[in-house]
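Trainee: Those protein sequences? They're chains A and B, same order as listed. The opening position of the first sequence corresponds to residue 58 in the working numbering, with each subsequent residue numbered one higher. The opening position of the second sequence corresponds to residue 58 in the working numbering, with each subsequent residue numbered one higher.
Everything labelled a hint here was simulated from the structure, so no lab data went into it. There are no misleading hints in this set.
Note that the list lumps identical chains together, so a pair holds whenever it fits in one copy or between two copies.
DSSO-like, lysine-lysine: derived pairs with alpha carbons at most 30 Å apart:
| hint | residue 1 | residue 2 |
| --- | --- | --- |
| 1 | K293 | K277 |
| 2 | K300 | K277 |
| 3 | K258 | K231 |
| 4 | K59 | K228 |
| 5 | K300 | K324 |
| 6 | K317 | K307 |
There are 2 protein chains.
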Amino acid sequence: MKIALDAMGHDDGPAPLVEGAVLALREYSQISKLLLTGDTPQLEALLKKHGCDDARIEIVHTTQVVEMHDSGIDALRRKKDSSVSRAVDLVKNGDAQAIVSAGNTGAAVAASTIKLRMLPGIDRPAIVAMMPTEQGRHFILCDAGANPDPTPQHLEDNAFMAAAYCEHVLKRPKPTIGLLSNGTEEFKGDVLTLAAHGLLKGSGLNFRGNVEGHDLFEGKVDVVVTDGFTGNVVLKTSEALAKSIFRLLKRELTATPIRKAGALLCKRGFQSVRAVTNADEYGGMPLLGVDGICIIAHGGSSPFAIKNALRAACFSIQHQLNPHIVEAVQRSHDSATHAPEPA
Amino acid sequence: MKIALDAMGHDDGPAPLVEGAVLALREYSQISKLLLTGDTPQLEALLKKHGCDDARIEIVHTTQVVEMHDSGIDALRRKKDSSVSRAVDLVKNGDAQAIVSAGNTGAAVAASTIKLRMLPGIDRPAIVAMMPTEQGRHFILCDAGANPDPTPQHLEDNAFMAAAYCEHVLKRPKPTIGLLSNGTEEFKGDVLTLAAHGLLKGSGLNFRGNVEGHDLFEGKVDVVVTDGFTGNVVLKTSEALAKSIFRLLKRELTATPIRKAGALLCKRGFQSVRAVTNADEYGGMPLLGVDGICIIAHGGSSPFAIKNALRAACFSIQHQLNPHIVEAVQRSHDSATHAPEPA
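Please build the complete structure, drawing on both the sequences and the hints.
Mentor: Here it is as C-alpha cells:
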C-alpha cells in the first residue's frame, strides 16, 4: 500500500509526524511506500535523527504550509504547493491510495472533496470521530465536522457510510445507529433531525431511534449520526471537559502532602481511567464519502497517534472501505426508488 | 413575593419538591406566599412529615401530572388540570409572580409560552443553563433547549436576554458574549451562526466572537449563545461525560485495597472537584422571554437544588429581570432602525 503523509501539518511542525511515520514503517509491513510531503531539508534531518533509511520512504518536496487559522478553501486556492494539497494530488494521480493529515482540517476536507471528488451516490463528505464510553468500547460520531449544513438525505448517507466503516473496518457486524437529538422521544428534534429520523426509520439500517447527550457515554449504539456543526461542538466539548476535569483533579490532588500521597497510591487507577478516555489508540478520523482514503488526525497528535492514523489508512484500503460505502448507498437508493409510495 | 411550585413534576415524585419548599421558606423571608400545585393528600402528608405548618404555604389541588415522556404541547392540551399547567395559570392570573417546575421541560416551556405569552419585542423563549468552568466561575449557556430552530434574530435576542440576566440577576456588569460555533475563526459556522455573527457584531453587546467546544470550560466569556438544539446537546453531553468520568474513577479507585486507601487520603480533593462541577448551587434554569418568571429545574433535582431554584425565582423578581430584558431588546431594535444602512 502506498500512503501520502502531509508531513508539515501539525501544531508542533514536522517532528511528531516523521516520528510517527518511522514507527508505522517498523510496525506495518503492508506499507510499500510512504510519501512525505514537505520541506526536504527539514524532513531529511528528522529522518536522520531517527536513524531511518527505510527505502519505502520518499520525500515529495513542497514549499508551502497551510496554517491552522487559514480558511480551508482559501488555502487551497492560494497555497497550491502546500504539503496537504500536494499529498492529496498524490492520491488523485494514483501515486498513493490514502492521505493522512494532522494539519488544518478545513484544508484537508476542501482539498480531498474538490480534488478527489465524491464517491458515486454521495453528495457531501463526513468525518468519523471515535468517542470513548464508560465500558471502554468506543462509538462512532459522524459527522464530526465536515458538513455543518447537511440535508436530511446527507444525514442518512452519513449513517450508511459510518455503518460501512464500523462493519468492514472496525469489524462490528450489524452496527446499531442512533440519531443525536435534544431528547430520545421520536417527536424531539429540530427540523433537520425530525426529517432525518423518518428517513433512517425506513433505511433498513439497524436504527435505534434518537439518542441524547445523556446517552452518549453509555455505549447504547455503535454509530451516532449528527450534522457536522453539532458533531464538531460535541467532539470539542467532550475533549475540553475531560481535560478540564483531569486538570482540576491534578490541581486538587496535589494541593496537600496527604493528598499527594493518596494520589500516588491511586496512580494505576488514574492510568486505567486515562487509557479508557485516550483517543490516540485510533489516531485519526476518516473523512468518508470522498473518492480516496483520507484520514484526518488531531493537530496535536502524538507520534503514537500518527502511527495509528497510518494504520487506519491501511485498514481502510485493505478492507475496501470505499467499495463497501458505494455498494451500501447504491442499495439504499435502489430500494428507495422501488419502494411503494406511502399512502 | 408569591411563587408557584409545580409540586408533582419530578423524577421521584413530590417528596424532594416539598422538602425544597420547606428549606426555601426557612431561608428566604422575601417569599410571602408559596403555592404548591398538586395532589392535596400527598402534599399535606409530606408537609406534615417535615413538621411544616408555615402559613405562607398554600396547596392548589390538581388531579393530573405530565409525565417525562409526554410531548409538551400535547400534554398542555390533554392535561388541563396538570400541576404544571395550573402553576402557570397562577402566574397568568396574577396570583403568583413566578413558577418553578422540575417536571417535563417541554410542558413547562409550552405552558409558559402559550399562557403567559412573550415579552414585547421577543419572538421565542430561551433557556439559560449555568455551566461550570475550571476556575469555578460559571458561564451561561443560552439557549439550552427551548427553541431548536431559531433564526439569526432569535440568537441575537438570546444574547440580549442572557446578558440582562447576567448583569442584573447575577450582578456581573458588561458581560462578555461568545457565539458557539465549529471554530473560533469568523468564517467558521453553519448558515445560522454565520448570520448571527454579523448581527452580534453590530449589536453593541460586549461580543467576543466565536467560541468553540475547546473554549467552553476555560471561562473565556460570561455568556455562550447558541440554538436550543445544540445547547441542549452540549448541556446533556457535558452532564453525562462528567458523570461517566466520576463513575469510572470510582470503579478504578476502589478496585484494589491500596487504591482504596489512596482514595481515602484524597477524599477532600475529590470533594473540592465535585463542588466545582456541581450545578445544584444554581438549582434552576430561567426560561427567558416569557411574560412572567419561569424557572426550570432538573428532573432529578435534590431538595437543595429546588431551594436554590426558588431563590433564582426570588432574585429574578427582585432584580426586575423582565423589565430589563424588555428595555435592552427595545434599545437594540431602536438602534437597528435608526442605524445608517451599510454601504
